[in-house]
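*Asks:* Line by line, the protein sequences give chains B and U.
Heads up: the first sequence begins at 1 in UniProt numbering, then just goes up one per residue.
Heads up: the second sequence begins at 1 in UniProt numbering, then just goes up one per residue.
Keep in mind that a hint or two might mislead.
Claimed, not checked - Footprint (simulated), chain B over chain U, 3 or more residues, beta carbon under 8 Å:
id, region
1, 10-17
2, 34-40
3, 43-57
4, 60-71
5, 88-99
6, 111-120
Note that these hints are calculated values from the structure, not bench results.
Predicted, not measured: the structure shown is a model, and the values here were computed from it.
Every residue gets a Cβ at the ideal spot worked out from N, C-alpha and C, and that includes glycine.
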Amino acid sequence: MTGPVITWALGFGFAALGLALALNLWRLFKGPGVADRILALDTMVINAIGIIVLAGIANGEGTSFEAAMLLAMVGFVGTVAYCKFLLRGDIIE
Amino acid sequence: MIGSVSLPELLASALIVLGASFALIGSWGLVRLPSLMERLHGPTKASTLGLGAMLVGSIIFFQLVKGEWTTHELLVSLFLFVTAPIAANMIAKVHLHRLRLGEQSGPAGPPAAPRDGSEWATYKAPEEGAPGWFPDE
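Put together the whole structure using the sequences plus the hints.
*Replies:* In structure tokens, the structure reads:
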């Protein structure tokens, strides 16, 4: 059912997302500010969701989308918690 | 059919390539742009456009393979559309407060103050009765 075109597209997608994750890691270590590091972590979560979606397509299973959904939720809560802690010195007041 | 490739497969492949390209360009913007306020633009577009295109490609692919329409990809997409601006707003507020504490900005310099000469609203103390206001302070 799956032809050569979709295999090539998935290979390109995995390579592009892997390179994107490496670029995010560079920004995470380089900084210079705390906000840059939070943004890099947030973008890493987005790219990891993309890799999970592509892995779900490559396996031909629909079960990996729950993982993508959970990662989207936890990533957002984590970003907001980092920001809230830096802004207020507390996460839940 | 185009040659031996069916049209839905071609469409799904095009959407996957488009989405992965957007994600890569967003991360490249995160590395390349000079200050945080500009860096915020890249990844927020990558999360909405890039992941959105990949998820629509996945819907079309599962329609092609299993012959049934799946909707939980749309749920992920909808959640990201709602949360991406909120996360970007929080990161921008953190950046403004860190600048006021003396953190150095990038080569583009700090963001300009609001045009009417007033301060950023996030620097102001909470007004009486607003969330975050405590009577004993």
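*Asks:* Are there three or more residues in the region 60-71 of chain U whose C-beta lies closer than 8 Å to some C-beta of chain B?
*Replies:* holds (count 6)
*Asks:* For the region 88-99 of chain U, do at least 3 residues have a Cβ located nearer than 8 Å to some Cβ of chain B?
*Replies:* holds (count 8)
*Asks:* Check, residue by residue, whether the region 43-57 of chain U contains three or more positions whose beta-carbon lies closer than 8 Å to a beta-carbon of chain B, and give the verdict.
*Replies:* Contact hint for the region 43-57 of chain U vs chain B: holds, 8 residues under 8 Å.
*Asks:* Taking a Cβ-Cβ distance under 8 Å as contact, does the region 10-17 of chain U have three or more residues in contact with chain B?
*Replies:* holds (count 6)
*Asks:* Mind taking a look at whether chain B covers the region 34-40 of chain U? Criterion is 3 or more residues with CB to CB distance under 8 Å.
*Replies:* holds (count 3)
*Asks:* Report holds or violated for chain B covering the region 111-120 of chain U, Cβ cut-off 8 Å, minimum 3 residues.
*Replies:* violated (count 0)
Comparing the model with each earlier hint shows a violation of hint 6 alone; every other hint is respected.
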